[in-house]
Amino acid sequence: MADDLKIAVSDAAVVIEAVVERADVKGEVFRTLGRVAPTQALLASNTSTLSISELADAAGGSPRVVGMHFFNPAHRMRLVEVVVGRATSDATRVDAIGLCRVLDKEPIVVADVAGFVTSRLGLLLGNEAIRIIAEGTATAADVDTAMRLGYNHPMGPLELADLVGLDARLNNLRSVTDRMGRHEFAPPPLLVDLVEAGHLGRKTGRGFYAYDTDGNIVNGPRHG
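What the sequence shown shows, in our numbering, is residues 59 to 282, in sequence order.
Source of the hints: derived by calculation from the structure; they are not laboratory data.
Cβ atoms here follow ideal geometry from the backbone N, Cα and C, with glycine treated the same way.
Don't take each hint at face value.
Ranges between beta-carbon positions, derived for each pair [claimed, not checked]:
(1) Pro-96 <-> Ala-244: 18 to 24 Å
(2) Arg-89 <-> Pro-247: 32 to 38 Å
(3) Gly-194 <-> Ile-166: 24 to 30 Å
(4) Val-167 <-> Arg-93: 42 to 48 Å
(5) Ala-204 <-> Gly-263: 21 to 27 Å
(6) Asp-272 <-> Glu-242: 31 to 37 Å
(7) Ala-149 <-> Glu-86: 42 to 48 Å
(8) Gln-98 <-> Ala-192: 24 to 30 Å
(9) Ile-166 <-> Gly-208: 23 to 29 Å
(10) Leu-137 <-> Gly-194: 33 to 39 Å
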């Protein structure tokens with residue numbers, strides 16, 4: 059990986075990492091970037107839950123490491139969380155905000171805490187939605203309709219989980235739970251069961267809903 063990455067970033071002004079949401083994998087990427095990336099390159103992580111400060115440590119304490127948490131689908135969603143770690147310089151923060159503007163994104167600046175702002179709120183909503191269908195209070199379709207029509211959300215929390223990928227959601231929950239130690243972020247058993255069964259959402263054709271090959275819901279919720 060190191061040789062390929064060295065070639066890929068040799069002349070880069072900006073590197074945005076978007077590998078799987080696992081501390082060991084992202085840490086290895088940033089250890090390599092700390093050695094091979096140009097000194098002045100902006101080193102951004104698209105992490106939604108992991109510590110930017112720890113990624114900067116992996117990169118040798120680089121002040122050019124910052125979080126830039128884009129949202130799915132990134133070509134449509136305008137928000138980016140710019141996450142400032144303990145080593146992130148003021149110049150890096152300003153550069154990250156400027157890059158967001160160039161990309162026609164709307165940045166918010168947040169501190170380097172587990173889950174930042176959006177993941178903390180979104181994960182809690184998703185967990186409660188999963189618990190609601192697991193206990194039989196309502197179907198997945200009705201939970202999502204409630205949030206779309208009652209709260210004007212563009213997509214319900216279970217539809218969103220299927221879009222993001224249930225394996226990614228599980229990794230996020232475990233990451234925040236490990237970092238914060240708060241039981242409300244613990245993955246609901248239904249989510250764990252779905253992932254273990256290989257039902258990861260749209261990308262596998264089944265999650266909280268069943269999907270056709272074009273990613274359309276075909277026959278209502280599979281659970282609840």
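For each hint, the structure was consulted:
no., hint, verdict
1, Pro-96 <-> Ala-244: 18 to 24 Å, "violated, 41 Å"
2, Arg-89 <-> Pro-247: 32 to 38 Å, "holds, 35 Å"
3, Gly-194 <-> Ile-166: 24 to 30 Å, "violated, 37 Å"
4, Val-167 <-> Arg-93: 42 to 48 Å, "violated, 28 Å"
5, Ala-204 <-> Gly-263: 21 to 27 Å, "holds, 25 Å"
6, Asp-272 <-> Glu-242: 31 to 37 Å, "holds, 36 Å"
7, Ala-149 <-> Glu-86: 42 to 48 Å, "violated, 26 Å"
8, Gln-98 <-> Ala-192: 24 to 30 Å, "violated, 50 Å"
9, Ile-166 <-> Gly-208: 23 to 29 Å, "holds, 25 Å"
10, Leu-137 <-> Gly-194: 33 to 39 Å, "holds, 34 Å"
The structure fails to meet hints 1, 3, 4, 7 and 8 from the earlier list, while all remaining hints are met.
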